[in-house]
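S.K.: Protein sequence lines, in the order shown, are assigned to chains V and D.
For the first sequence, my numbering begins at 1 and goes up steadily by one.
For the second sequence, my numbering begins at 1 and goes up steadily by one.
Worth flagging that the hints you see were computed from the coordinates, not collected in a lab.
Virtual Cβ for every residue (Gly too), placed ideally from N, Cα, C.
Do not rely on the hints blindly, as some may be mistaken.
Here are some, though not all, of the chain D residues that point toward chain V, as calculated from beta-carbon distances under 10 Å [stated by the list, open to error]:
(1) I34
(2) L85
(3) F146
(4) G188
(5) E218
(6) G244
(7) R252
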Amino acid sequence: MEIYLPIAEMPVNIFLIVALGTAVGFLSGMFGVGGGFILTPFLMFWGVPPPVAVATQSTQIVASSVSSVLSHWRKGNVDFKMGGVLLGGGLVGSLLGIQLFNALKAAGQADLFIALSYVIFLGSIGGLMFWESLQAVRAGGSQVGGRRREPGGHYWVHGWPLKMRFQRSKLYISAIPPVLLGLLIGVLSVIMGVGGGFILVPAMIYLLRMPTSVVVGTSLFQILFVAAFSTMLHAITNQSVDAILALLLIAGGVIGAQLGVRYGERLRSDWMRLCLAGLILMICLRLGIDLVFTPADPFNLVIEGVE
Amino acid sequence: MRLFVLFALIAGLFAGAVRAEDLAAGISRDKIEITSSFTGTEVVVFGTIEDDLGRSLPATEMRDVVVVVRSEKPYIVTVRKKERLGPIWVNRDMRQFAGVPGFYFLSSTRPLKDIARGDTLEQFELGLERIALGPAPGAIGGPKEFREAIVRQKKAGRLYSQHEGGVSFLSGSLFRSTVALPPNVPAGNLKVQVFVFSRGEVTSTNTMTLFIDKGGIERDLSELAENEPALYGLAAVILAALAGVAAYFAFREWL
Numbered sequence: 001m002e003i004y005l006p007i008a009e010m011p012v013n014i015f016l017i018v019a020l021g022t023a024v025g026f027l028s029g030m031f032g033v034g035g036g037f038i039l040t041p042f043l044m045f046w047g048v049p050p051p052v053a054v055a056t057q058s059t060q061i062v063a064s065s066v067s068s069v070l071s072h073w074r075k076g077n078v079d080f081k082m083g084g085v086l087l088g089g090g091l092v093g094s095l096l097g098i099q100l101f102n103a104l105k106a107a108g109q110a111d112l113f114i115a116l117s118y119v120i121f122l123g124s125i126g127g128l129m130f131w132e133s134l135q136a137v138r139a140g141g142s143q144v145g146g147r148r149r150e151p152g153g154h155y156w157v158h159g160w161p162l163k164m165r166f167q168r169s170k171l172y173i174s175a176i177p178p179v180l181l182g183l184l185i186g187v188l189s190v191i192m193g194v195g196g197g198f199i200l201v202p203a204m205i206y207l208l209r210m211p212t213s214v215v216v217g218t219s220l221f222q223i224l225f226v227a228a229f230s231t232m233l234h235a236i237t238n239q240s241v242d243a244i245l246a247l248l249l250i251a252g253g254v255i256g257a258q259l260g261v262r263y264g265e266r267l268r269s270d271w272m273r274l275c276l277a278g279l280i281l282m283i284c285l286r287l288g289i290d291l292v293f294t295p296a297d298p299f300n301l302v303i304e305g306v307e
Numbered sequence: 001m002r003l004f005v006l007f008a009l010i011a012g013l014f015a016g017a018v019r020a021e022d023l024a025a026g027i028s029r030d031k032i033e034i035t036s037s038f039t040g041t042e043v044v045v046f047g048t049i050e051d052d053l054g055r056s057l058p059a060t061e062m063r064d065v066v067v068v069v070r071s072e073k074p075y076i077v078t079v080r081k082k083e084r085l086g087p088i089w090v091n092r093d094m095r096q097f098a099g100v101p102g103f104y105f106l107s108s109t110r111p112l113k114d115i116a117r118g119d120t121l122e123q124f125e126l127g128l129e130r131i132a133l134g135p136a137p138g139a140i141g142g143p144k145e146f147r148e149a150i151v152r153q154k155k156a157g158r159l160y161s162q163h164e165g166g167v168s169f170l171s172g173s174l175f176r177s178t179v180a181l182p183p184n185v186p187a188g189n190l191k192v193q194v195f196v197f198s199r200g201e202v203t204s205t206n207t208m209t210l211f212i213d214k215g216g217i218e219r220d221l222s223e224l225a226e227n228e229p230a231l232y233g234l235a236a237v238i239l240a241a242l243a244g245v246a247a248y249f250a251f252r253e254w255l
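From just these sequences and the hints, can you work out the full model?
M.R.: This is the structure we're talking about:
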């Protein structure tokens with residue numbers, strides 16, 4: 001069954017889009033990522049214009065993250081204080097990111113920088129995470145930090161000043177690392193056009209040493225605000241949010257998110273890390289292939305507007 | 001362009017090669033409303049060519065007909081080209097074009113090259129390779145491959161097409177052509193042009209407008225998005241959040 005999208009100006013199959021929304025919502029609820037990095041390429045593949053795909057997926061992320069944050073919150077798995085600190089850093093980061101993005105654009109190197117930073121970030125985070133979680137799975141499961149493997153690793157960040165107590169995360173650490181992390185995510189999300197969940201989640205697990213159960217809910221809490229902000233920004237500057245497309249994605253997304261939360265809590269922490277690492281590596285691989293392989297058509301068209 | 005047609009007509013008359021003719025043309029629908037069930041449609045362009053006394057032209061005076069349907073308002077389009085930089089492919093060169101129609105359809109009685117000379121076809125932008133895509137204001141011209149990329153990709157997206165032999169004569173004077181509008185046809189008026197050729201020269205033309213507009217909820221939504229962007233964005237965020245809350249409560253009991 002087809003329905004015409006008013007902003008994308010094309011028809012799509014209703015069931016296909018709802019199914020896509022459900023799948024992405026499921027991953028989101030389970031791993032604490034937004035899922036835009038999966039959703040956007042799929043929508044573009046089906047012919048949705050890139051600006052509409054990018055803007056509309058952020059609306060779906062608002063819905064699915066609200067849905068799963070509430071479930072995580074009920075179980076006491078959202079650290080609002082940590083989320084707030086990350087958001088504060090993120091706000092400053094996105095302002096810096098815009099400056100950096102414009103500077104890179106002026107230098108004509110934005111595309112190269114974005115492509116490379118994607119692959120390098122995803123590759124190294126995914127690779128390290130995969131290795132670590134594989135060891136943990138083999139060892140029969142452990143929380144990160146429960147048994148430290150290498151001395152002198154990450155605990156140095158805990159010694160910094162401006163200590164704050166994050167009750168839910170069972171942490172008493174300096175506020176500087178979370179602020180810096182938020183800042184980095186803010187810069188990256190502006191430059192790379194993604195919410196940054198797949199960087200935030202591993203960073204909270206490995207750098208801040210938060211319990212995995214709290215990481216997912218807290219990440220989604222932060223992503224919710226980034227996605228809401230990004231929806232507003234796209235709606236105002238590009239008028240590219242497609243309400244019908246968003247509605248279909250949301251219908252699947254909120255249900256998928258609920259299922260994702262349920263299955264996520266049954267998944268052991270080490271397995272969860274392993275699956276997320278696999279997901280990150282797959283995305284990295286896809287991007288890497290795009291970068292290295294000769295494109296089918298080296299030209300790409302962008303409609304700037306009516307004359 | 002009109003002046004040129006007039007000139008061509010007068011020149012034709014003076015040369016004595018072409019008999020006076022009368023072109024009447026129409027479209028099966030002149031208004032298309034895009035609603036939520038729109039999946040593309042077809043319109044028929046038809047017409048008659050008779051002499052000034054209303055009789056069919058004699059068989060020795062057969063005319064060629066070219067039908068062009070194209071967007072009234074052209075786009076500005078940026079074309080980027082990926083090039084190899086070490087082991088990876090990145091966007092390097094770019095060109096900006098103006099006058100890019102969102103939709104272009106051409107059908108003709110015979111292959112264009114048999115109908116008229118290249119420069120005549122060029123004059124009326126007849127043929128995919130002759131659409132006048134110029135550099136955008138302030139942009140520089142570039143290699144042909146950028147322009148070719150536009151036509152190639154629009155063709156692949158079913159927005160540009162050319163059907164030589166797509167116009168058929170049902171009698172000595174009555175012709176018709178079916179125009180397929182794909183589901184992704186951009187909303188916005190289309191210009192329907194009919195060109196009549198005789199011995200390589202344009203002898204008559206007719207221009208009509210095919211109104212394409214969104215209807216129903218499709219129109220309401222895109223108007224809201226355009227006129228009240230902040231309200232639209234805010235509504236999208238609030239509705240999305242409410243959907244999330246609803247799903248939470250619905251599933252709290254079930255799962």
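S.K.: Can R252(D) be said to touch chain V, with a Cβ gap under 10 Å?
M.R.: holds, 8 Å
S.K.: Against chain V, with CB atoms and a cut of 10 Å, does the hint on E218(D) hold up?
M.R.: Interface hint status for E218(D): holds (4 Å vs cutoff 10 Å).
S.K.: Can we keep the G244(D) interface hint, with Cβ of chain V closer than 10 Å?
M.R.: holds, 3 Å
S.K.: Under the criterion of a CB-CB separation shorter than 10 Å, is G188(D) in contact with chain V as hinted?
M.R.: holds, 8 Å
S.K.: Is the shortest C-beta separation between L85(D) and chain V less than 10 Å?
M.R.: holds, 7 Å
S.K.: Can we keep the I34(D) interface hint, with Cβ of chain V closer than 10 Å?
M.R.: With a closest approach of 6 Å, the I34(D) hint holds.
S.K.: F146(D) was flagged as interface toward chain V. Is the shortest Cβ-Cβ separation under 10 Å?
M.R.: holds, 7 Å
Violated hints are absent here; each numbered hint is respected by the structure.
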